Amino acid sequence: ETGVTQTPRHLVMGMTNKKSLKCEQHLGHNAMYWYKQSAKKPLELMFVYNFKEQTENNSVPSRFSPECPNSSHLFLHLHTLQPEDSALYLCASSPEGRNTEAFFGQGTRLTVV
Amino acid sequence: GENVEQHPSTLSVQEGDSAVIKCTYSDSASNYFPWYKQELGKRPQLIIDIRSNVGEKKDQRIAVTLNKTAKHFSLHITETQPEDSAVYFCAASRGNNAGNMLTFGGGTRLMVKP
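Read top to bottom, the protein sequences are chains F and L. The first sequence lines up with residues 1 to 113 when you count with my numbering. The second sequence lines up with residues 114 to 227 when you count with my numbering.
All the pointers check out, no bait thrown in.
The calculated lysine-lysine pairs, modelled on DSBU-like cross-linking and capped at a C-alpha distance of 35 Å, are:
| no. | chain 1 | residue 1 | chain 2 | residue 2 |
| --- | --- | --- | --- | --- |
| 1 | F | Lys22 | F | Lys52 |
| 2 | L | Lys171 | F | Lys40 |
| 3 | F | Lys41 | L | Lys170 |
FYI, nobody ran anything at the bench for these hints, they're computed from the structure. What you are looking at is a predicted structure, and each value in this text was computed from that prediction instead of being measured.
Given these sequences and hints, build the entire structure.
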């Protein structure tokens, strides 16, 4: 257990639904990330938060809305998704500063129907 | 932005043989190069990393080399074992004080046959 916990582990949602993914870390890290992992595609960085402030939005569609209320929690709010958004969504955290190890959660397997 | 290419996409070796995975990157400002291992159904986990001021790093059976001039880096696994079977991802980061901006390669599925 690396200390990064994601819930739920699996989620099936319709295109008109609104749902949220949750990530929690107890490692004392100040940077948190959302990644998307699709079949046959590289891990894609979506958002970066550092000390609760968003520092990177990697051209992600507005149907994905992140929220970081504190350094330990990160949410990804989902609404009006498309079937092509089905993927494994991974949360990660790292200590403050550059070039440090990113610790990943187990991921949420999202299926949009 | 950064672009990381990884080859091969699949690699099958006999137990005990060596395995080599290669990555190239495009952004000369990248200075941190981690390798992650992802077993089936599990999270990616760091196995080794190298920073741009070092040309080679070794940890038991795994080693990583970096050629900054050519902008490529490689993972070497010696004496492979069945438990090395997994997907391996290389990544490059230009990391700043706002956190890591990891760009990942497409992954290599390594299969070690007993």
